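Peer 1: One-letter residues, chain by chain:
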Amino acid sequence: MKTVLINCSPKKHFCASAYFLFLQSLFVGGEKVKGKLRSHADYARLLEQLRDAQAVVFGLPLYVDSVPSHVLRFLEEMETFCRENGLKLRVYCVANNGFIEGKQNEPLMQVFENFCARTGLAWGGGVGIGGGVMLNVTRILFIVEIGLLVLNTVLSVVNTGDLFPKAAWISFAENTALLLFFNMGVLFYLSGMGRAIGKGTAFGKKYTRILIPSFVFILFADIFFTIISLLQGGIFRGWLAKKE
Amino acid sequence: MKVILYDLGSEYEALIESKCDRALAADGKYAPCQGCFGCWTKHPAECFMKDKLRRVCRLIGRADELVIVTKNLYGGYSAAVKNVLDRSIGTSTPFSTYRGRQMHHTLRYGKHDLWKVVVYGEVSETEKDTFRYMAERNAVNDGYERSEVVFLEDMAELEAAL
Chain A
0 MKTVLINCSP KKHFCASAYF LFLQSLFVGG EKVKGKLRSH ADYARLLEQL
50 RDAQAVVFGL PLYVDSVPSH VLRFLEEMET FCRENGLKLR VYCVANNGFI
100 EGKQNEPLMQ VFENFCARTG LAWGGGVGIG GGVMLNVTRI LFIVEIGLLV
150 LNTVLSVVNT GDLFPKAAWI SFAENTALLL FFNMGVLFYL SGMGRAIGKG
200 TAFGKKYTRI LIPSFVFILF ADIFFTIISL LQGGIFRGWL AKKE
Chain B
0 MKVILYDLGS EYEALIESKC DRALAADGKY APCQGCFGCW TKHPAECFMK
50 DKLRRVCRLI GRADELVIVT KNLYGGYSAA VKNVLDRSIG TSTPFSTYRG
100 RQMHHTLRYG KHDLWKVVVY GEVSETEKDT FRYMAERNAV NDGYERSEVV
150 FLEDMAELEA AL
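Residue numbers (numbering that gives the first Met the number 0), protein chains in the order written: chain A, 0 to 243; chain B, 0 to 161.
Looking at chain A on its own, in the form it has when it is part of the complex (with noise of 0.2 Å):
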């Protein structure tokens, strides 16, 4: 049983497609390859590891309500091999949007189904996940309360000679259990679709998102990009500029 998880997010580092296909591959077993798909140098390379797999994993991006046009290039490609080869794969996604309803991937799961139907391939299903943006920054925050731990426990071996600070090791409990629930809809389904991929039958579509109400994931999101663009110059060239 092999298994294709191509990564599909244009950007090298930090991309959320990375967080949820690593998340997904904990749920696959059997042989797993992880490839990456940005440019056109990467399609031989993909396309080779498909030729013995049994499954192949997209994680994507919604890019303007549908799949980003570098991915769709790489998908007529794969139509013409597969065609060539006789492949028969069964094809899943887990696809991720900035805006919190994972419903919103629809679309993108249509044409992935349009392009199973033409090419011939199996349509296994798919993950829908909303807020993918900000579960991605729940890794990060993750990191973080593992070095407060880690300077909480030093600064109480250095002041007390306490091997293990109980107010530190419940305020890590407590945030981590907080930063697991945000994810527990992503893992139920991930885990689920896991199991399909092992078995090799279909999942269908399903959408999730981050578990906090939207108002304050807006709000959230607000937040994030007036800092963001503060510190990157864009809201004194853009947004106080008179426009075009």
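Bear in mind the hints are in silico, worked out from the structure with no lab data behind them. A few of these clues could be false.
[Said to hold, decoys possible] Taking lysine-lysine pairs in the DSSO-like style, the calculated list, with each CA pair at most 30 Å apart, reads:
id, chain 1, residue 1, chain 2, residue 2
1, B, K110, B, K49
2, A, K35, B, K110
3, A, K10, B, K51
4, A, K87, A, K165
5, A, K198, A, K31
6, B, K70, A, K10
7, B, K110, A, K11
8, A, K165, A, K11
[Said to hold, decoys possible] Pulled from the structure, derived: some chain A residues nowhere near chain B, Cβ distances all over 12 Å:
id, residue
9, V70
10, G85
11, F98
12, K102
13, T118
14, L148
15, V156
16, P164
17, A176
18, L178
19, K198
20, T200
21, S228
22, G232
[Claimed, not checked] To be clear about the criterion: a stretch of chain A counts as covered by chain B if any three or more of its residues have a C-beta under 8 Å from a C-beta of chain B, and this derived list gives those stretches:
id, region
23, 58-65
24, 71-77
25, 180-192
26, 220-227
Predicted, not measured: the structure shown is a model, and the values here were computed from it. Where a beta carbon is used, it is the ideal one built from N, C-alpha and C, also for glycine.
Assemble chain B onto chain A, guided by the hints.
Peer 2: Below, chain B alone, put in the same frame as chain A:
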């Protein structure tokens, strides 16, 4: 203003240009979006890549009527057309709002009128459904009042559809 975005060859250029205020050829001679959000946060409504799509959102953003002529690809836009759309997200700002009871970005250039898609090439019934649904979603997302999808049986129908 009426803008037509099309992925047809140069033989259709004259016809397309006679039917709109601005025509934009999706000829594939540009790079795909890198997902950096720079057109929102660093240099609004402008891409860091200095190709012909660098300021495309300033053109598309000012369209009252946007007509997209595209070959069918799995019930969605051709890669060349989608590339232009991906590079034009600077028509909105990074700030969010509710539109159609869902979260969307606020519009940099205000509301638009019609998002029209003219599809050519062989297309299945399922793909037609996807196309209609996607155009509807695009219209909500980009602040268009209405959407319309036309499927061409023959290229002779193009002129009437524009």
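Peer 1: Would you mind marking each hint as holding or not holding in the structure?
Peer 2: Hint-by-hint comparison with the structure:
1. K110/B with K49/B: holds, 28 Å
2. K35/A with K110/B: violated, 38 Å
3. K10/A with K51/B: holds, 21 Å
4. K87/A with K165/A: violated, 55 Å
5. K198/A with K31/A: holds, 15 Å
6. K70/B with K10/A: Holds, at roughly 28 Å.
7. K110/B with K11/A: The given pair, whose Cα atoms are some 34 Å apart, is violated under the 30 Å limit.
8. K165/A with K11/A: violated, 39 Å
9. V70: The claim breaks: V70/A does not keep its Cβ more than 12 Å from every Cβ of chain B (closest is about 9 Å).
10. G85: Given that every Cβ of chain B is farther than 12 Å from that of G85/A, nearest at about 20 Å, it holds.
11. F98: violated, 4 Å
12. K102: Answer for K102/A: violated, closest chain B Cβ roughly 8 Å.
13. T118: violated, 9 Å
14. L148: At about 32 Å from chain B, L148/A clears the 12 Å cut-off, so the statement holds.
15. V156: Answer for V156/A: holds, closest chain B Cβ roughly 42 Å.
16. P164: holds, 39 Å
17. A176: holds, 26 Å
18. L178: holds, 22 Å
19. K198: holds, 26 Å
20. T200: For T200/A, whose nearest Cβ neighbour in chain B is about 21 Å away, the distance exceeds 12 Å, so it holds.
21. S228: Given that some Cβ of chain B is not farther than 12 Å from that of S228/A, nearest at about 4 Å, it is violated.
22. G232: violated, 6 Å
23. 58-65: Coverage by chain B holds here, the residue count being 5 at a Cβ distance below 8 Å.
24. 71-77: Result for this restraint: holds, n = 4.
25. 180-192: Coverage by chain B is violated for the region 180-192 of chain A (0 residues, Cβ < 8 Å).
26. 220-227: With 4 residues in contact (Cβ-Cβ under 8 Å with chain B), the coverage given for the region 220-227 of chain A holds.
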